[in-house]
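> These protein sequence lines are chains Y and L, in that order.
Using our numbering, the first residue of the first sequence is number -17, and each one after it goes up by one.
Using our numbering, the first residue of the second sequence is number 244, and each one after it goes up by one.
Mixed in with the good hints, there may be bad ones.
Said to hold, decoys possible - The calculated lysine-lysine pairs, modelled on DSS-like cross-linking and capped at a C-alpha distance of 25 Å, are:
| no. | chain 1 | residue 1 | chain 2 | residue 2 |
| --- | --- | --- | --- | --- |
| 1 | L | 247 | Y | 396 |
| 2 | L | 379 | L | 247 |
| 3 | L | 379 | Y | 319 |
| 4 | Y | 499 | Y | 396 |
Stated by the list, open to error - Across the chosen pairs, the derived CB separations fall in these ranges:
| no. | chain 1 | residue 1 | chain 2 | residue 2 | range |
| --- | --- | --- | --- | --- | --- |
| 5 | L | 316 | Y | 298 | 29 to 35 Å |
| 6 | Y | 500 | L | 245 | 34 to 40 Å |
| 7 | Y | 404 | L | 245 | 24 to 30 Å |
| 8 | Y | 298 | L | 254 | 31 to 37 Å |
No lab work stands behind these hints: they were computed from the structure.
Glycine is no exception: its CB is placed at the ideal position from the N, C-alpha and C atoms.
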Amino acid sequence: MIPELGHFALVLALVLAAVQGSIPFVGALRGDSRWMDVARPAAVGQLGAIALAFAALTHAYVVSDFTLANVVENSHSAKPMLYKVTGVWGNHEGSMLLWVLMLALCGAGVAVFGRNLPATLKARVLSVQAWIALGFLSFSLLTSNPFERVANPPLDGNDLNPLLQDPGLAFHPPLLYLGYVGFSVAFSFAVAALLEGRVDAAWARWVRPWTLAAWCSLTGGIALGSWWAYYELGWGGWWFWDPVENVSFMPWLLGTALLHSAIVVEKRDTLKAWTILLAILTFSLSLMGTFIVRSGLLTSVHAFAVDPERGSYILGLMGIATGGSLALFAWRAPVLKAGGLFAPVSREGGLLLNNLLLATATATVLIGTLYPLFLEALTGGRVSIGPPFYNYTFVPLMLPLVGAMGIGPFLAWKRADLAGVLGRLRMAALLAVVVALATWYLQNGGPVLAVLAMGFAVWLLAATLIEWAERVRLFRIPLADSWRRARGLPRSAYGMSLAHAGLAVCIIGMIGSSAWKEELVEAVQPGDSLQIAGFTLTLQDVETRPGPNYRSTTGVFEVTRDGRTLGMLEPERRYYPVAGRSTTEAAIRTNGLGDLYATINEPPEEGQDWTARIYYEPLVPWIWVGSAMMMFGGILSLADRRLRVGAPRRAARQGAQPPAAAE
Amino acid sequence: MTRKRRRLYIALSGLLCIASAAALILTAFEDNLVFFYSPSDVQAKGLPEGRTARIGGLVQEGSVEHLDGNRVEFVVTDGAHDLSVVYQGALPDLFREGQGVVAEGQAGDNGVFQAREVLARHDENYMPAEVADALKESGEWRPESGEGPREAEGQ
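So that you can see chain L by itself, here it is in the shape it has in the complex (with noise of 0.2 Å):
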């Protein structure tokens, strides 16, 4: 066993893991990336049928209804398209009317996106950077009317 050998060794055993790392880490990209569409995405290019997607923007003002067992259906806007989400569940406690939401499901029939999940956040003051995003290339984006991310005061 020289030192050489040994070298050799510890840089075959490193390339090995790199690779299999690799390797896994590509197959799950293909099946495991979940892509966000702003409600005008979706009206431009559709959802993917099929697959776990993430919409976002804000939550339009006296869209939420209460259906019945246990169901919410409320509709998403970027300000140019709306966008009409379903979800099962409790809604956490930050979801309001005019705030940024994000909802993570699938596309459902007749273009009700379907919510498996609705992400709550620590801050209310805080806005996804996504749905900021979405916001500003629909040109809603109104920082100061406390709807943006906070500005320096800190929290």
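Extracted from the complex, chain Y is given alone in its bound form (with noise of 0.2 Å):
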């Protein structure tokens, strides 16, 4: 009973989504006021008919309905809660219906917060926003309904894929996919300005925090995803340049851009119809991705869940809605006029060059991505693009665009001078070349580009404290003078900071463990010691320990330096019989500069020696407190009351307004 209301629900939903996606939309059009006022309900109703139909399907899960199709061939009754419910996700299915999900949430929040939003605007934005979920609701019901029975219910189900009974599973990819389709309200908004053929500051002051929000969330689900590959043993690290890495991460680079463009438009109202552009794109990207992840196109470490049949229902679904907003784009984009005039040397023009860099880096890993299909379809070759492409090709724009981040924020609006800030960094430039060299001495040479890399990111982290340090006049006034205004500073500010910052500390990891990476592989036995980067690790024992749903061969190592017991490193083996299939579950033990990665392997035959592999990854814990520097750094910048979403009016004024302090 509960999953028909749950069928039934999603359907609802799909009925909603066409009233919103048309009445308003004629209202619109038609100036009525009441139409108009249908989108409201209409996306409040979808969001709640949505989440019924997800707790309908989690409650399947959570008591093991094993008439249901989906819960018996990705679940067990012995898993473990935490993965019966994570498990709704963790399959085509779940997933898409966890996508519509994020996207209902997105529209309703417009919906509700959009108090102060022109009629007009909101209810377009709010068809736009219903035309994307009627695309989507309906390949759920249509190819992969996930409240489908099976005729001859069995006893119990065939589990989840071992690989994903992981806490990874819990948060990467709602967050991924909120941040997904949080571009989509972006897109939203370009295709309602589009069709209202105006954009002014308060278009952009509606559009940002938006932007922001679904980039934090994007932001998080990546680290997070990175984190999981890294301690995965076989996917290839944090970072592998993977063709599912690279479309999570070109909507990402996009949105960066987006999140800088709109700010020129708010500020400066110009670059109008590149920013138009940079939403369309971004969603665009977003669409393909979950295109290129859902129909195993492309040969990748991380394609589970793949059907290539239903992937052509979301291509059409790409199609649609990347052709005609493009189309749309063409035609209505010489309507929007562009504003205020400024010097190449300028904020205006460093956040142009902070576009221009990113989309050119977002091009370069669309065509690495995409280049083995285009190749297979016109010579039959295939090939494969790793790691050292992008290497190659992004890592050099990327340098010039990190340089030229620590000097963005000191620029004025319309003509800075560049000499004078240049001065203002010297202490910065002085401080990057100190420990590139230091880098270059203890590293005996070490690779040009980590070297140099290293000296960029220091560069932006102190032009980063340098900036805010100007701001509250560090040691140039009384401290307690300093701190009133450190404290009056917008929070805006602090996040760019904190933003800046945290890409800064997140290369340093990056940097450290792609080039001082230290690996050992051995053949061994309990009593054996393994020496790594000063490190010493014995094998005391190697243990069979019970778990819920699986048996856990577990290798006891002690971790010793100089003689002194650090603590222990537990490398587990884990068999799961239901899946017949066995796991690696690595140990990390981390010390702020480095971490211990420890992995063990059973032996081949009875008798043998155990198979340990150990890593010294340098730096890695950089990554990741880095990115979350860059996610709060966007959530404070949305905490932020200018930015508060849905605060902004529209200015009576038109045209340029004075450029504040901050941002």
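Both chains are given apart, each in its own frame, so use the hints to dock them into the complex.
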């Protein structure tokens, strides 16, 4: 009964989406406010219906209702409760349901918080949002119904893929989806603005918080995915430039560009058509990501739950959304008039450079990701493009960006004094050179690119700190006055500093682990010791331990350094009898500057040696710290009063606004 | 600074970005494209000397042999031809005899492929597209035996 209710709720959501996509839209055309007002209850109702459907599926998983095909295939009664719940989206049908839930959440968010939006704009935004929902709800209902029953229910299920029985599944997909789908709001605003033929500072102020929220989620989602891939052996480490990783990274790159170009629209009323185009492309890339991940079109280490047949439906949706919106853009964009003028060296110029570099970097990732498809279609040859390609293309494009990031926040709007700014950044430049030389010396000339990148990262970190210090006039005025100034700075200023510094920290972590990682693979017996990076690991014992739905073989390593015991590392091999498969669970010990990473494998035959794999990954924790800083920077900025969702009103005055001290 | 001048600057810097990206991509393509070979391709064309390549097919039943020093040797087949592969290190969890596999590495001595990496998958029923194509070409494609990509049942 409950699954049928869920199914019915999903159909109801589809009907509501159809209503929301048509009546307010016609209302906006005819200027009929009663028709436009339908959007709000429809959006809220749609969220309610999808939440009900999602709750129904979750219930089926929690009580292990094996009359549902989806539960049979992906669950087992002995599975721990955490994985029963997270298993809801650990499969194709459930993950699409999560996707539409997130979409409805965004739509209802616009409907509820967008009180100050002009009626026609709001009606149009919600209509476009409903068209997207219509596409994905019909996809879910027609091709991947999660509520399908089985004729002869088995006694127990097939269990969830053991590799997915991991806490990473609880947070990574929802955050990632929220990020992907969050960009749909920027997309809807862009399409609505094109329909209205009007983009102004107020429009940018409405779009920015949504973009920022989506960006924060995507940052968190990617970072968690990266962390998961890092501790799961065989997934290529924290970043493998795998197609599935790339497709989540491209919307992030373009979303970052959008975030910055929206500032220019808001403050200077220019770059409007470009910002609209970015909003369209960012969401299109999100759709492409969904399509590639769902269809298994590209060979990936993260391919699971793929289905080429159903992929073509998403490809169709993507074609309609992208093609339609770009055609609309081509038709309507000339209507948008450009605003304020600016010199090449100015805040606008800096943000434009950021946009150009990010867009170019996105293009290189896109080409690297899709090239194998083109080549196969054209010549039949099969290639794969791995990390070296991106090291030669993406990294050289990012270095100037990181360099410019240090300078950008110092530049004034309209026209800036570059020489003066560089003069104020003398100390940062000096520090960057010193650290780069020190790195070069310590690592015996280490990889040149790593040394160079280290210098750039330190430059960014130092420049960001100096920018903050200058704002509060640290050490120029009494500390108490600085403190007062620091408290008076807008939260968005702190958000920017934190996010920029976070990127610097992140880069340092990435360099450390790619350039100076140490690896050791040894055959071991209990009692053997291994040496790596100054640590000694002694295998004390190998124990067999029971788990809720698996058996674990645990290697117990004692970690010592200079004779002092630091702790234990207990890597496991888990055997899941239901799925008939084993997983490797790495043990990781961090001291903030680096991770010790250990795995153990069974002997090929009884009585032979165990295989231990030990890595020392320098600076890896900095990647997670840096990502968290970026995410919290975004959240902090989101908490700024000026950016609060729905708070701003459309300014009566047109044209340039006085540039604010901060952003 | 007129509007026209500004547009010119933007267009020029845009072109500069695109040109440098194109140059970077083309040079990177020169050395970093990794081509995929099925055992039949290896037989017919041979592997390029000193270049990284990917090979793939099914792991032949009963061919996995553990050598000393943590090395593993196995035979990858597409039904028509076989190729021996040596790999040092722990095999991924989803490595099985009779299952699809993709290995990245270089041609070694006497026709044995030296794998640097054996790629693991998230899903045991997932067949890398290259392997599926290679099997189709050699006529060894048997979707009904469960070694093909999953049919519409979904996972």
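> If a hint holds in the structure, say so; if it doesn't, say that too.
The hints, checked one at a time:
no., hint, result
1, 247(L) - 396(Y), "16 Å, holds"
2, 379(L) - 247(L), "58 Å, violated"
3, 379(L) - 319(Y), "56 Å, violated"
4, 499(Y) - 396(Y), "45 Å, violated"
5, 316(L) - 298(Y): 29 to 35 Å, "46 Å, violated"
6, 500(Y) - 245(L): 34 to 40 Å, "58 Å, violated"
7, 404(Y) - 245(L): 24 to 30 Å, "27 Å, holds"
8, 298(Y) - 254(L): 31 to 37 Å, "35 Å, holds"
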